[in-house]
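Colleague: Residue numbers (our numbering), protein chains in the order written: chain A, 1 to 339; chain B, 1 to 210.
The set of hints was computed from the structure by calculation and includes no laboratory data.
Keep in mind it's a predicted model, so treat the numbers as computed, not measured.
Treat the hints with caution; some may be incorrect.
What the hints assert, rightly or not - If you only want the chain A side, here are some residues facing chain B, beta carbon under 7 Å, derived: (1) Lys-189; (2) Gly-202; (3) Arg-205; (4) Arg-208; (5) Arg-212.
As the list claims (entries may be wrong) - Computed footprint of chain A on chain B; a stretch qualifies when at least three of its residues, placed anywhere within it, have a C-beta under 8 Å from a C-beta of chain A: (6) 68-77; (7) 80-92; (8) 121-127.
From the three backbone atoms N, C-alpha and C, an ideal C-beta is built for every residue, glycine too.
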Amino acid sequence: MSAAGALNPGLWTGDAARLRRMERTLLDLWAGKGYAEVIPPLLLPEVPVRAASPEALASRTLRLDANGEGSLALRADFTAGVALMAARRLERLDGPRRLCYAGTVARRPAADRPEGIETFQAGCERLSPETGPEGDEEVALLAAGSLAALGIEDAVLELGHWGLVGPLMERLPWPEEAREELEQALNRKSRPALESLMERHGECREARLLVRLLHLGGRPEAVEGLAPDLDAAGVLGAWRELRALAAVLKKAFPGLPVRLDPTDVRHWSYYTGLTLKAFSRRHPFALLSGGRYDFLYPALGRPFGACGFALYLDRLLEAGRGLSAGSAPEGGVGCPASR
Amino acid sequence: MPRIALTKGRLLEPALAWLSERGFARPDLAGRALCLPLGRGWEAVLLKGPDVAVFVQNGAADLGIVGSDVLEEDRPDVYDLRGLPFGRCRLSLAAPVGSEAVPGQAPLRVATKYPRTAERLLAARSLWVRLIRVTSSVELAPLLGLSEAIVDLVDTGGTLRENGLRELSVLLPVQAHLIANRSAYRFLQEPWWEEEPGPPPPGGTAADLP
Numbered sequence: 001m002s003a004a005g006a007l008n009p010g011l012w013t014g015d016a017a018r019l020r021r022m023e024r025t026l027l028d029l030w031a032g033k034g035y036a037e038v039i040p041p042l043l044l045p046e047v048p049v050r051a052a053s054p055e056a057l058a059s060r061t062l063r064l065d066a067n068g069e070g071s072l073a074l075r076a077d078f079t080a081g082v083a084l085m086a087a088r089r090l091e092r093l094d095g096p097r098r099l100c101y102a103g104t105v106a107r108r109p110a111a112d113r114p115e116g117i118e119t120f121q122a123g124c125e126r127l128s129p130e131t132g133p134e135g136d137e138e139v140a141l142l143a144a145g146s147l148a149a150l151g152i153e154d155a156v157l158e159l160g161h162w163g164l165v166g167p168l169m170e171r172l173p174w175p176e177e178a179r180e181e182l183e184q185a186l187n188r189k190s191r192p193a194l195e196s197l198m199e200r201h202g203e204c205r206e207a208r209l210l211v212r213l214l215h216l217g218g219r220p221e222a223v224e225g226l227a228p229d230l231d232a233a234g235v236l237g238a239w240r241e242l243r244a245l246a247a248v249l250k251k252a253f254p255g256l257p258v259r260l261d262p263t264d265v266r267h268w269s270y271y272t273g274l275t276l277k278a279f280s281r282r283h284p285f286a287l288l289s290g291g292r293y294d295f296l297y298p299a300l301g302r303p304f305g306a307c308g309f310a311l312y313l314d315r316l317l318e319a320g321r322g323l324s325a326g327s328a329p330e331g332g333v334g335c336p337a338s339r
Numbered sequence: 001m002p003r004i005a006l007t008k009g010r011l012l013e014p015a016l017a018w019l020s021e022r023g024f025a026r027p028d029l030a031g032r033a034l035c036l037p038l039g040r041g042w043e044a045v046l047l048k049g050p051d052v053a054v055f056v057q058n059g060a061a062d063l064g065i066v067g068s069d070v071l072e073e074d075r076p077d078v079y080d081l082r083g084l085p086f087g088r089c090r091l092s093l094a095a096p097v098g099s100e101a102v103p104g105q106a107p108l109r110v111a112t113k114y115p116r117t118a119e120r121l122l123a124a125r126s127l128w129v130r131l132i133r134v135t136s137s138v139e140l141a142p143l144l145g146l147s148e149a150i151v152d153l154v155d156t157g158g159t160l161r162e163n164g165l166r167e168l169s170v171l172l173p174v175q176a177h178l179i180a181n182r183s184a185y186r187f188l189q190e191p192w193w194e195e196e197p198g199p200p201p202p203g204g205t206a207a208d209l210p
């Protein structure tokens, strides 16, 4: 996509109104749960932003030089901006700090993404005094509640956990050069690519387990047969955490299908625990993503843990216009499915 | 209705046979329709290989059958569910019979429909090349002096021989792959594509599940 072709055409009245309605719905919901809105700057100093962003996102960050004062980065996501603000203002936390945001982000266009440079996001960040899974349940429930508040009736919420796949990846006796290919193979659920890696670098228990984790079909019970192998590999604890969280979500949102899928993670070096995604058959890409990134605040000199998610409001608008995944029903977000 | 995008040309017939083994109907290909009922609640669309990846990536089709050459070149953002037992061939470096095809004072000019894949694979072999992108009749390039070599798909090698070319090096094995849209994957019911041929399993989507 050319730079000119990737420019955002803007939102005309109907879409603008829909976007603002979505933002208000979400910010009101989140305020009711104790999440206070922050507005991170659009322009940030580049070096700390790079430290606070996934590598893949850093490479898509737009930069400019303002009057020779060094390189600035245009906001490519909110998490980095919120973290830079919070790390500057909060020396310590006595309890969780709940923050939320809504606005525009700008990214270099990617060949594999149809979106333009500017897109709209809204999301939440839950900071804790210490790192660790405390708060995961609250954030996952809030993500589910956000989907419900927007009326996405066919949404599916998907949970994953770095602790299920990360240790297996790290124990693979494969050369470091194979790492990027491995991460791509997992993210693309590519059994052929994983088998090719095994052929070249050696088959082992961890690799075989990763192949089996690629296509669980999303159902918690589908993995029961894997429990002894997960236990032997020392990752059963993460699986149990996910199952317990799925049960909590199921109880709170009985109509929301919850899937478990530990391998579909785009930024493996970014997440440190829970990962979240949501999909609707009305849109070909994820409508929500997030998780736990406990490395982030320590990298900025604060010992806090952090977990959060963002909703992709452009995609929600598109879903509302009927742009869809292949087998989508007619209608948009908030409309009853036609079948 | 769930939709599978099929690659027109040499992959079409084996793809239909593979689907037929899994309980899908063979569509009538005699007409000019590009959208065909497949039975089991599915339909097929017939497209060129690179378009199969685009349609699946962007959700216009749930699944697709496409050559791994297209996946290597275009790197679409799709799930690569499995390799399929057909469409096997290879991406090879070839040059006119009798030529060395080794860069000397200047880089070797290589014509190809796969510039990104060729760049990556030839760089891994430390070959100094200048790639020239063409979209068809690659074999003509060395014959008309456009390049000293080509990188292209080779099946039996007959086309190379007919054009006075010989295969110098196999760069990449190629076969058909089944791909899925990231979102649609979540809403497809039981993974019929993983089953071995047998009686047809029930069709439908996740929405039909109790």
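Colleague: Each hint needs a verdict: does it hold in this structure or not?
Modeller: Each hint tested on the structure:
1. Lys-189: holds, 4 Å
2. Gly-202: violated, 20 Å
3. Arg-205: violated, 22 Å
4. Arg-208: violated, 16 Å
5. Arg-212: For A:Arg-212, the interface hint is violated, since the closest Cβ of chain B sits about 12 Å away, which is over 7 Å.
6. 68-77: It holds: at least three residues are needed, and the stretch 68-77 of chain B offers 4 whose Cβ sits within less than 8 Å of chain A.
7. 80-92: Answer holds; 4 residues pass the 8 Å Cβ test.
8. 121-127: violated (count 0)
When held up to the earlier numbered hints, the structure conflicts with 2, 3, 4, 5, 8 and fits the remainder.
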